[in-house]
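A.B. asks: The primary structure of each chain is shown beneath.
Number of protein chains: 2
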Amino acid sequence: MITGKNYIGNQLSANGSKTFKTFNPVSNTENEQVYSEASVEEIHEAVALASQAFAEFRSISGERKAAFLNAIADEILALDTELIQTYCSETGLPEGRAMGERGRTVFQLRTFADLVAEGDWVEATIDTAIPDRTPMPKPDVRKLLIPLGPVVVFGASNFPLAYSTAGGDTAAALAAGCPVIVKSHPMHAGTGELVASAIVKAAEKTGMPNGVFSNLNSSGIEVGVELVKHPGVKAVGFTGSIRGGRALLDLAAQREEPIPVFAEMGSINPVVILPEAIQNRGEALAKTYAGSITLGTGQFCTNPGLILGIKSDELTEFTQNLGKDILEIQPSVMLHPNIVGAYEANKSKALSQSDVTIVADYESDVQSNYARQVITTVEGKTFLENPTLHQEVFGPFSLVVQCEDATQLETIIKGLEGQLTGTLIAENSEANEYQDVIAALQNRVGRLIYNGVPTGVEVCPSMVHGGPYPASTDSRFTAVGVSSIKRWARPFSYQDWPNDLLPSELKNENPLNITRTLNGALSKETI
Amino acid sequence: MITGKNYIGNQLSANGSKTFKTFNPVSNTENEQVYSEASVEEIHEAVALASQAFAEFRSISGERKAAFLNAIADEILALDTELIQTYCSETGLPEGRAMGERGRTVFQLRTFADLVAEGDWVEATIDTAIPDRTPMPKPDVRKLLIPLGPVVVFGASNFPLAYSTAGGDTAAALAAGCPVIVKSHPMHAGTGELVASAIVKAAEKTGMPNGVFSNLNSSGIEVGVELVKHPGVKAVGFTGSIRGGRALLDLAAQREEPIPVFAEMGSINPVVILPEAIQNRGEALAKTYAGSITLGTGQFCTNPGLILGIKSDELTEFTQNLGKDILEIQPSVMLHPNIVGAYEANKSKALSQSDVTIVADYESDVQSNYARQVITTVEGKTFLENPTLHQEVFGPFSLVVQCEDATQLETIIKGLEGQLTGTLIAENSEANEYQDVIAALQNRVGRLIYNGVPTGVEVCPSMVHGGPYPASTDSRFTAVGVSSIKRWARPFSYQDWPNDLLPSELKNENPLNITRTLNGALSKETI
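Residue numbers (the UniProt record's numbering), protein chains in the order written: chain U, 1 to 527; chain Z, 1 to 527.
Be a bit skeptical, because a hint or two may be false.
Copies of the same chain look alike in the list, so a pair counts if it fits in one copy or across any two.
What the hints assert, rightly or not - The calculated lysine to aspartate or glutamate pairs, modelled on EDC-like cross-linking and capped at a C-alpha distance of 16 angstroms, are:
id	residue 1	residue 2
1	381	257
2	414	257
3	5	32
4	414	56
5	287	317
6	18	222
7	324	314
8	205	313
9	507	525
10	138	458
11	414	365
The hints are simulated quantities; they were obtained by calculation from the structure and are not laboratory data.
Produce the complete structure using the sequences and hints provided.
C.D. replies: Right under this line is the structure:
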């Protein structure tokens, strides 16, 4: 049952005076439930509890953390239709999507549970002593990853489950041993509270310290700002706009103790279509991309907002087909009137730039909060000269750039800001000729896709969901996959430490039977 | 032969109008050689060359990078006495130290050469496709670490070789595939130029692209500021003061494209001595610590500047012994008059604080630029209330804090800023009673040492030389050991990429025979 209150640790709390409601974009009405924004006192209490909880939580076993994470997954599933209905009522997204995203969220939690139960993730590294080394004895040094401390997670508007309350950032932080304080996304505060209740229930059932998790409601920026500035907070995870992520990064950098911010932000996900491919498969590609651009009403961070090709009749034909195909797709609802407003504003800005040709613009009437898809095209020169055209238009929008030649294509790619993904559409026979283009693209993105679409982010150890700024604030980390735990952990060394005082991961007996780097070689051996 | 010029890529260059000299603190005179500070044009040219070089350097094989790194080591050794003499003349450090540091530098270069020749460091991770998975086929995704781009390295005053021109930051960055631009430390510009000449020679001999390395002279902050703000620079490595490191961190954070700064900065390296240990071994400990505090004239970042004990007759006796022992050590020369000046100023500031007792102060006359060692002591309460006493006094200085009890000891540790190291001096029988103290200490440091001294940083895979801010600007990385390469690399994914276009590390055949994570398990198998 949704109460509209915050979770300050395991306690429901609503001491603040500010309230707000969520919005159903399908019915175009506010939802009934009133949410209480966290007060400054509640924020401070949540951080104080998290700091206290950290003292215990950071050294509990991987097995117990796994039980906690699996219990969260179980409790989320137990929320059943209430969760799915709330999700749909706060996002306009269909039930199938809600269930798919719930599946992904549960899968992520269980994947991290497996990771910490197994224990290899701490990268245990042991160099044993050489007491008779000259001129100096070699000490015994042993290293492992340990958690940073309380982490603040900002939920994403477009993924109320997988990138929000119990999403990837939270799952990874809890797995690392960091307490989490979620700044709940105001657009889906109900979904957030339900998931928070599942986490709190799981924490209680598995005996986690009070404060290991808190969920704070907020309608504006104040709660987030207060959290990021709080000395008790040691790291920040964010998924959202460049403006939002950068603001948090700047706040964190200005602290007396700067802290890491991993923000996964905007991206236009360039797609490079090579000549032979467009010649052979232009028609099919247009269909595929019309689908990818409008998938989830274009509200994916990996949405293909930029298509780069080399001028040819086939590219012209592809562009026209893309326009035709996209107009055949029924418009769908966006997450919130504010998202629609931003889409319309950004689209208008893009369309009003000089020398932009509109290929397709869904002009028929649509229901409130539905997005009209648009395809535009420009010459390479125009794109190069106008940075406004490089900006993301969050929604079902894409721009086809007609480059003069491969050199201009490469120049354009080199001038792009950092991106989550880059896609190469090519025949195998021609890809080799474009090595410079591919190298340039690699240097601007976190993931390269061959003959596919960028939408769809597989949750697996080899996935990188991140990339050079502004795709993320730190390209050395990923937001998806088990490696994302490294955002919230730091290496730590023990020198000549007595075996019985060492953590299990580093003890001579290797009681957890984990794989360690022992004197330079991977091994499960005892010492 | 030292020319006083900058290396802009492989070319010697001296277009600027600003010049400076280095200083011999032993003879208390300027050295003769005049150095030309890099001009803005030279800075921009170095970055442009580095960016060009990156396009080639980032994809050369590990084997070729290894040859380059080993050639640097060879060329440094070939500099022979000229290097050692220049080093001594610019630092006042003895020949033995110069040779030891050269050995360490060469060892680091060869260690990174081995690392990249072997190739496992890229953390290759492969998840193969499951085309018939429902509801969606699983793509083939493969990940490896790739270099960030040109890195600027700021040399350290106190380690002209191991943490400067071809030191750990440079070796790690080159190993990762990042071109390096060194902002040479003005106090040892000659040593820097010699080492730079070795790197350039090695680059030419092994066919590295021009611009893979540049060495820029500077006497003030301008060159460094210009470099860190330059859009072509993608990361920064720094070893030095908190003020300097923080200024660079702030500059990097304010860029349009923020970039990672790994700065290893100040630390007072708390040493906790437990009661039984001081009772049993107080006298010997005093001798050991008098040596550690004055080692290298106290000019180590791991110098023990803070000793924490619980009030007792034995602690009083230890403190007196420490004072007595340290006065028996002959004062030694510091690196530079500016370092002496800072030491004297910081020492005076510490000594002038209320309720600080001077235990030992070397009052006899000393030669110019020699440092007079000092031991002070305060009550726990005084230390808790006065943050000035928490500040580093870079030099042969230490403060013994007499805590009321274990609770106050823990409170003091919890209130410390981040540190590179923490040391526990204990009998095995008593350590277990102080688990809370140990946990608190672990939370503030990057490395814990048992019954040893913090000075001496073993170069090995399990070493962490870093720690919570301000010990470093990002506790998730280390400055020493092969893992330090991770500061300069980012994960990158290929999705459904054709085998013949993949880098060797990810090809089906595993031609480099590296260990990879294949569908979740470590393996050298082919696919």
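A.B. asks: Each hint needs a verdict: does it hold in this structure or not?
C.D. replies: Each hint tested on the structure:
In the homo-oligomer, the alpha carbons of residue 381 and residue 257 never lie at most 16 angstroms apart, since the shortest distance is 45 angstroms inside one protomer and 24 angstroms across protomers. For a Cα distance limit of 16 angstroms, the shortest separation of residue 414 from residue 257 across copies, 15 angstroms, qualifies, whereas the shortest one inside one copy, 35 angstroms, does not. In this assembly of identical chains, the alpha carbons of residue 5 and residue 32 lie at most 16 angstroms apart only when taken from the same copy (14 angstroms versus 73 angstroms across copies). Taking the shortest Cα distances, residue 414 and residue 56 sit within 16 angstroms of each other only across copies (15 angstroms), while inside one copy they are farther apart (48 angstroms).
In the homo-oligomer, the alpha carbons of residue 287 and residue 317 lie at most 16 angstroms apart inside one protomer (12 angstroms), although the nearest pairing across protomers, at 84 angstroms, exceeds that limit. Proximity of residue 18 to residue 222 under the C-alpha cut-off of 16 angstroms is restricted to the intra-copy arrangement: shortest distance 11 angstroms within a copy versus 49 angstroms between copies. For the identical chains of this complex, residue 324 and residue 314 are intra-copy neighbours only, at 15 angstroms inside a copy versus 88 angstroms across copies, given an alpha-carbon limit of 16 angstroms. Within a single copy, residue 205 and residue 313 get their C-alpha atoms no closer than 64 angstroms, and across copies no closer than 49 angstroms, so neither meets the 16 angstroms cut-off.
When the C-alpha separation of residue 507 and residue 525 is checked against a cutoff of 16 angstroms, the pair qualifies only within one copy, where the shortest distance is 11 angstroms, while the shortest distance between copies is 30 angstroms. In the homo-oligomer, the alpha carbons of residue 138 and residue 458 lie at most 16 angstroms apart only across protomers (7 angstroms), although the nearest pairing inside one protomer, at 45 angstroms, exceeds that limit. Taking the closest pair of Cα atoms, residue 414 and residue 365 never come within 16 angstroms of each other, the shortest separation being 40 angstroms inside a single copy and 63 angstroms across copies.
Of the numbered hints listed earlier, those contradicted by the structure are 1, 8 and 11.
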